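**Student:** Sequence:
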Amino acid sequence: MNDIPAGMRLIVGGTFWMGGDDAYAEEAPQRRMTVDSFFIDETPVTNRQFARFIEETGHVTTAEIAPDSRDYPDADPAMLQAGSSLFVSPPGPVPLSDPFQWWTFSFGTNWRHPHGPDSDLRGLEDHPVVHVAHSDAVAFALWAGKQLPTEAQWEFAARGGLDRAAFAWGDEFEPGGVPQAKYWQGRFPWQNRAKSGWSRTAPVRSFPPNGFGLYDMIGNVWEWTDDWYVDRSAKKTGACCISPGQHSNNAADNRDNQIPGVFFGRKVLKGGSHLCASNYCQRYRPAARYAQDVDSPTSHIGFRCVVPACA
1 MNDIPAGMRL
11 IVGGTFWMGG
21 DDAYAEEAPQ
31 RRMTVDSFFI
41 DETPVTNRQF
51 ARFIEETGHV
61 TTAEIAPDSR
71 DYPDADPAML
81 QAGSSLFVSP
91 PGPVPLSDPF
101 QWWTFSFGTN
111 WRHPHGPDSD
121 LRGLEDHPVV
131 HVAHSDAVAF
141 ALWAGKQLPT
151 EAQWEFAARG
161 GLDRAAFAWG
171 DEFEPGGVPQ
181 AKYWQGRFPW
191 QNRAKSGWSR
201 TAPVRSFPPN
211 GFGLYDMIGN
221 VWEWTDDWYV
231 DRSAKKTGAC
241 CISPGQHSNN
251 AADNRDNQIP
261 GVFFGRKVLK
271 GGSHLCASNY
281 CQRYRPAARY
291 AQDVDSPTSH
301 IGFRCVVPAC
311 A
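Yeah, the sequence shown ends on 311 if you go by our numbering, and it's all consecutive.
Quick caveat, the hints were computed from the structure, so don't treat them as lab data.
The structure presented is a predicted model; accordingly, all values stated were derived computationally and were not measured.
Any given hint could turn out to be false.
What the hints assert, rightly or not - Cβ pair distances, simulated, as ranges:
1. Asp3 - Gly177: 14 to 22 Å
2. Ala75 - Gly7: 36 to 44 Å
3. Asp21 - Tyr280: 38 to 46 Å
4. Val94 - Ile65: 28 to 36 Å
5. Gln30 - Ser69: 42 to 50 Å
6. Val94 - Ile4: 27 to 35 Å
Glycine is no exception: its CB is placed at the ideal position from the N, C-alpha and C atoms.
Work out the full structure, taking the sequences as your base and the hints as a guide.
**Tutor:** So, in structure tokens, the structure goes:
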């Protein structure tokens, strides 16, 4: 094997049970998958690491660029300003069926200003970078000589060698009453007890690593993968179908067809975030997955990178 790159862990390839049949429908069916050996970052990419990338390349993130009206023909022109989706906790209980009760598009919010346009990165240097679109994560990975993980690589690494365990650390949610990851504590989205001391993201390595020595594979921030999102159950596409476990390389096949005027495909997010809660979005599990538009950064999405391991 190649020497292990700094800040990464070698994951020896193998076959594992991917997905699950007992939680959200998009995780099914559980099935056997095989991955080759690869290296993966021990932690999500931090603000400190991302700032170095920006300094050396001059990259401008999606959240720092005003959207092009040609890409959003149905949008209110007043909304076509640079910004990102920001979580804002409501003052009290709200219907959990309406995410607009706690999500707002915030002008001037981006990776440099993660909590709103007047915020900055002081004290957040070792927190995961957020407000990065998929293209921003890809740009960082290319600069670093790496790539984004596939969904299968990510889940295999997150499981830490455990066979079909519910969580990255086993089958008990909070062993001995001790949280094992940065997820929401209290009644989402209004009651944030933040027992860990951080109301939003936490510094990487704040919680125990999994069996492969990887931190924050669960919670803290959702993480981009490089797989287009497709339902794992057989999906009709004209005269043919996509069988479970496959994914399409065509962005048009992965759009949210329930929303008119959407021109961007969706990639798979993994791992859950600090906004996952026992009463809402229990996706703080290796099997969990979520479809995210590639052009849509938020305050709870980050990423980590992989490198193939050559024998």
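**Student:** If you test the structure against every hint from before, which numbers come out violated?
**Tutor:** Hints 1, 3, 6 contradicted; others consistent.
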